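Participant: Listed below, chain by chain, are the residues.
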Amino acid sequence: MRTLKLLSAIADIIVPHTCPLCAVVGYSVGFCSACSVEFTPPASPHCDRCQTPFTGTIHSKNLCSLCIKEAKKISRSFSTARSACVYDGNIRKAITRFKYHNQTEFSLPLALLTQSLVSSLANASADVIIMPVPLHKRRLKKRGFNQSLMLARRLSKSLSLSLDYKTLMRVRDTTPQVELTPKERVENVKNAFGVTNAAAIKDKKIIIIDDVYTTGATLSESAKELMSAGASDVIAVTVARTALV
Amino acid sequence: MDQLRKRPIVLVAAAVLLGVVLESYLKLSPTTSAAVVLFFACLSVYVYLKKYHHVFISIPLFIAFGVLYSSVIFSFTPKSEHVLSYADGEYKAIEGVVKTLPAVKGEAFRFIIDVSAIEDDSSGFKGSSGFVLVNLRGVRELKEPPRIKDVIRVYGRLKEVKNFGNPGEYDYQSSLGRLGVFASISVSEGRYYSLRKGSGLLNTLNKARHSISARIDDAQLKNGGLIKALLLGEKGAVPFEMREGFIRAGGAHLLAISGLHVGFIAWLSYLCFSWCLRRSTTFSLAYDVRITALILSLIPILFYGAIAGYPVSTQRAVAMVMAFVLSIGIGRVRDIYSAIGFAALVVMIVSPVSPWEVSFLLSFSAVFSIAWLVVPLKGMFASIDVEERSVLSKISGGVKVGFFVSLAATLGTAPITINTFNMFTPSSVISNIITVPVAGLLVLPSAFIAVILMPVSTVVSNALLNVSDVFASVLVGLMEFFSSAEYSSIWMLKLSGYEVVIYYVGFLSIPFVLKKKSRPIALTLFISCVVLLIAADIYKTQRSIPDKLRVTFISVGQGDAALIEVPPTRDEPVKRLLIDGGGFFSTDFDIGRSVVAPLLWKKGIRNLDYVILSHPQIDHMGGLAFMIDNFDPDEFWWSGIGELSNEMKEAINTSGVRSIKKGLGSEVTSVNELQVEYLWPELREGSDYDTKEVNDSSLVMRLSYGEKSFLFTGDIGRKVEAMIMDSVNAVDVLKVAHHGSATSSSEEFIRKVKPDYAVFSIGYANRFNHPNERVVITIRSGGAKLLYTSIDGAITFETDGIEIRQSTDLTNVGVF
Chain A
1 MRTLKLLSAI
11 ADIIVPHTCP
21 LCAVVGYSVG
31 FCSACSVEFT
41 PPASPHCDRC
51 QTPFTGTIHS
61 KNLCSLCIKE
71 AKKISRSFST
81 ARSACVYDGN
91 IRKAITRFKY
101 HNQTEFSLPL
111 ALLTQSLVSS
121 LANASADVII
131 MPVPLHKRRL
141 KKRGFNQSLM
151 LARRLSKSLS
161 LSLDYKTLMR
171 VRDTTPQVEL
181 TPKERVENVK
191 NAFGVTNAAA
201 IKDKKIIIID
211 DVYTTGATLS
221 ESAKELMSAG
231 ASDVIAVTVA
241 RTALV
Chain B
1 MDQLRKRPIV
11 LVAAAVLLGV
21 VLESYLKLSP
31 TTSAAVVLFF
41 ACLSVYVYLK
51 KYHHVFISIP
61 LFIAFGVLYS
71 SVIFSFTPKS
81 EHVLSYADGE
91 YKAIEGVVKT
101 LPAVKGEAFR
111 FIIDVSAIED
121 DSSGFKGSSG
131 FVLVNLRGVR
141 ELKEPPRIKD
151 VIRVYGRLKE
161 VKNFGNPGEY
171 DYQSSLGRLG
181 VFASISVSEG
191 RYYSLRKGSG
201 LLNTLNKARH
211 SISARIDDAQ
221 LKNGGLIKAL
231 LLGEKGAVPF
241 EMREGFIRAG
251 GAHLLAISGL
261 HVGFIAWLSY
271 LCFSWCLRRS
281 TTFSLAYDVR
291 ITALILSLIP
301 ILFYGAIAGY
311 PVSTQRAVAM
321 VMAFVLSIGI
331 GRVRDIYSAI
341 GFAALVVMIV
351 SPVSPWEVSF
361 LLSFSAVFSI
371 AWLVVPLKGM
381 FASIDVEERS
391 VLSKISGGVK
401 VGFFVSLAAT
411 LGTAPITINT
421 FNMFTPSSVI
431 SNIITVPVAG
441 LLVLPSAFIA
451 VILMPVSTVV
461 SNALLNVSDV
471 FASVLVGLME
481 FFSSAEYSSI
491 WMLKLSGYEV
501 VIYYVGFLSI
511 PFVLKKKSRP
521 IALTLFISCV
531 VLLIAADIYK
541 TQRSIPDKLR
551 VTFISVGQGD
561 AALIEVPPTR
571 DEPVKRLLID
581 GGGFFSTDFD
591 IGRSVVAPLL
601 WKKGIRNLDY
611 VILSHPQIDH
621 MGGLAFMIDN
631 FDPDEFWWSG
641 IGELSNEMKE
651 AINTSGVRSI
661 KKGLGSEVTS
671 VNELQVEYLW
681 PELREGSDYD
691 TKEVNDSSLV
701 MRLSYGEKSF
711 LFTGDIGRKV
721 EAMIMDSVNA
731 VDVLKVAHHG
741 SATSSSEEFI
751 RKVKPDYAVF
761 SIGYANRFNH
771 PNERVVITIR
781 SGGAKLLYTS
791 IDGAITFETD
801 GIEIRQSTDL
811 TNVGVF
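Listed in order, the protein sequences are those of chains A and B. Each residue of the first sequence is one higher than the one before, counting from 1 in my numbering. Each residue of the second sequence is one higher than the one before, counting from 1 in my numbering.
Isolated chain A (complex conformation) (with noise of 0.2 Å):
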């Protein structure tokens, strides 16, 4: 520990912490504060389930027309989906450089961004398991990283919950959701995972991480997957939710 602590400070003195957005050298990890000001809180009465801002004085408690019709056509398997920030500006950019551009320096401040979130909703449970949403093989063996796990890694790590990586499987290789209209979507990822080992999930909860939420589509389905396999509970975290829908 003390030798990784040292190694860290001279990591520090090589490397200075720096904004991967606007490239100002600092001392904070993460993103600078003139970067982070910009970034939006999700609008708030909203859906107390799926995080949907209501238009009206709807009270936070309430749940939004699409989670009340959850038994009907589309599921919202997870109790609970919440996001750190609404997805414009520069937390667009900042999760387009990440998954398209390759700059995994984003991972950390990404992570960071959403930590408190994963913190609170865990509620210092010890049978949460975090969990990225899965890529299929092919995929991850052409973009070489799974940015969903990368952000799991990391909140793994700084919040000391399990890791689980293996259990959820895409069994499906999907076209990407971007390319879809919110209906597409749904039949898109339909039966597109599978849990492989169902002991291990066995009455745990579980914290599914990805890095946008548009429609609920992709979360929706993993965590049903999830659920049937005996799951007691399933919680979605984005970094960052669409304003769209």
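Quick caveat, the hints were computed from the structure, so don't treat them as lab data. You may find that some hints are simply not true.
No more than 25 Å apart at the CA atoms, straight line, and that leaves these computed lysine-lysine pairs for DSS-like [unchecked claim]: (1) A:K142 / B:K394; (2) A:K93 / B:K394; (3) B:K50 / A:K99; (4) B:K6 / A:K5; (5) A:K99 / B:K378; (6) B:K394 / A:K5; (7) B:K378 / A:K5; (8) A:K93 / B:K400.
Counterexamples of contact, computed for chain B against chain A with all Cβ distances above 10 Å [unchecked claim]: (9) D288; (10) S338; (11) G604.
Source: prediction; values computed, not measured. Even for Gly, the Cβ is constructed at its ideal location relative to N, Cα and C.
The hints should help you fit chain B onto chain A, whose structure is shown.
Facilitator: This is chain B only, laid out in the frame that chain A set:
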């Protein structure tokens, strides 16, 4: 300041650099500097305990560390008599261990050995110590060239390393002295014996380098030398002319293994490792493929650097890649300034003398100026958006960035290229946009892959080498095009320390000029810097105009060269004459380019009026072609007897200089108030003159200014001395004929000429044993003051026609 505080490594590197530089002046012993370090360490701890936390408090500690480190590295305790005490220019046999990578320099290998024994006379080998620079001739003939750690014995002339001793020349003596090398030995073919083969990693890598080099030779490529230089950093394998072309087109940096090469290897091996690792899903999930691949790709880079022998530019590039890998590895943003600071620290730790090397200055100023200028320029003129872009806009963006990079590097390195090569190369801004991709994307990759395939298949690797050769031809063609273009390179006067500072102040202000907020102040600063630099240049040219006649015998080694500066009169401007230009047989060293021209530039002289050749022999003619080409003389005088070299003929034809034959019977020429009389040779029509005795057809001239006169005798022998006896009378300064050879300077002639000063234009420890002892005695007994270019360096006489004053110019010699 705040930026520095946030980048501690830059601060540390700067402090250590300061310490290393300080130590070169202070020359403290390791014990003293250790005490200094201890003092500052205690002080820092004390201040820290007092709860005063600030990065700046540790600066003195790091400065002291720099002092200590460099004093430890250079502390030298001789175990036995230092080899320098034997360096008398005579033949010696020495034994020792090869210390540095034997680098090709023209037809020779050049390396340093750590001497263990010396054979001084017939009494056998005695123990000795110290470093000696070995110049081993016969690169092609050597079956097994020496490698690092080999124990060898060589036999040749052991000399003290000395500068020529002219103002403005490269300080070769100090640059070797800093490495602890004070003596050199010149070894001809067959005088080298390998006593014991070395072992170890360096030796093996050296072997690999030799075999790659041999395989490239075997492939019989047109540009084999260039490919070797690009691949292995074997700069000396590039023909002299081609190297000059690269310098003029601003492409010399391609010949040093730097970021381009190291970056390419890193990229290629990263792709390979990453591709392999991605095959395993388990691995990709459990570990970070990109970071693992990056760390793995350091291995080939480190090996490649070792094969290249880790010159400073390679050390820098490898260290910067390491810093970048570290930052990606710990998930941080790459910071170029910190990487530069880290690299500087690594380079100084590898060798604290590096900061004096030109390559250190060039390499670091180039990367720094790219970092300093490219980002603000990109922000101004090229929008780099993170959103997806079309291929076309990516290419045009790439070209733009390429232009900025090349502009920044050209401007940032300009003072260094000016002070090293006396040259500014505006063409490099454009040429590098094209030549760097050709070298980096075509020549290098094909050659690299050829090397990788060498152990697998000779046929395939040779085929690839030939492909690389074709690309190399394209590169050479481009360089020729750019170097021959009008204003591709401009000869410059060397900049003084003040000018360099002013230049960099102006340079550093550019990003602030681009920013709206700081524009008014920055622009004022920038413009005043430009004005000051122009004013300084004009002043230097003005200062070069003499008010007295100045005659400078330039130290050109074994050869003759003299510059005559005639003060202006009311109607005529200043006039300058150059009599002979020195020269060596080696094709790898142009004394005009490297010694004569820099002396003139140092004096602020950019053009000559008359170039004079005493007789067409290489030690008089060698350096003149360059002078005719680049100093725009009006007239070229010679006797017309003998055969001019091809370079001279070409220079005369292309420069449009008027070639005029002078000799006995030619009318006296008045150059302002200087009278030039021609005493010899007899001019005859046709070629019936006995040209075998070229020496005896030397142009003999008497230069008179007021009451004072100078006699230039070329290489005439006693026979001619006797023939011109009647037309000479006493002179003030005599250039002793034929470098003081025994066959010249008869007693009768010396008695008749009766010089006050006699100048011997000779090389230090030359192989002809000039000057002859009898000649020295003859002239000394005549009462003249004897001067030797070999000892005194450049020798200057200044006269107003009544008084004469003599001075020597040993500015560099002995300064370490």
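Participant: Just want to verify: D288 of chain B was marked as not at the interface with chain A; is every Cβ pair farther apart than 10 Å?
Facilitator: Check fails; 7 Å does not lie beyond 10 Å.
Participant: Mind checking the alpha carbons of K394 of chain B and K5 of chain A for me, to see if they're no more than 25 Å apart?
Facilitator: Violated, because 42 Å separates the two Cα atoms, which is more than 25 Å.
Participant: For S338 of chain B, is the shortest CB-to-CB distance to chain A above 10 Å, so the non-interface label stands?
Facilitator: violated, 6 Å
Participant: Are K378 of chain B and K5 of chain A close enough, with their CA atoms no more than 25 Å apart?
Facilitator: violated, 38 Å
Participant: Any Cβ of chain A at or closer than 10 Å to G604 of chain B, or is the non-interface label fine?
Facilitator: The assertion about G604 of chain B holds, with a minimum of 44 Å to chain A.
Participant: Would the hint linking K6 of chain B and K5 of chain A be met if the CA-CA limit is 25 Å?
Facilitator: holds, 19 Å
Participant: Given the hint that K93 of chain A pairs with K400 of chain B, does the C-alpha gap stay at or below 25 Å?
Facilitator: holds, 23 Å
Participant: Are the Cα positions of K93 of chain A and K394 of chain B separated by 25 Å at most?
Facilitator: holds, 19 Å
Participant: Within 25 Å, alpha carbon to alpha carbon, are K50 of chain B and K99 of chain A?
Facilitator: violated, 47 Å
Participant: For the pair supplied as a hint, K142 of chain A and K394 of chain B, is the alpha-carbon distance within the 25 Å limit?
Facilitator: holds, 22 Å
Participant: Are K99 of chain A and K378 of chain B close enough, with their CA atoms no more than 25 Å apart?
Facilitator: Holds. K99 of chain A to K378 of chain B sits at ~24 Å (cutoff 25 Å).
Hint violations for this structure: numbers 3, 6, 7, 9 and 10, all remaining hints satisfied.
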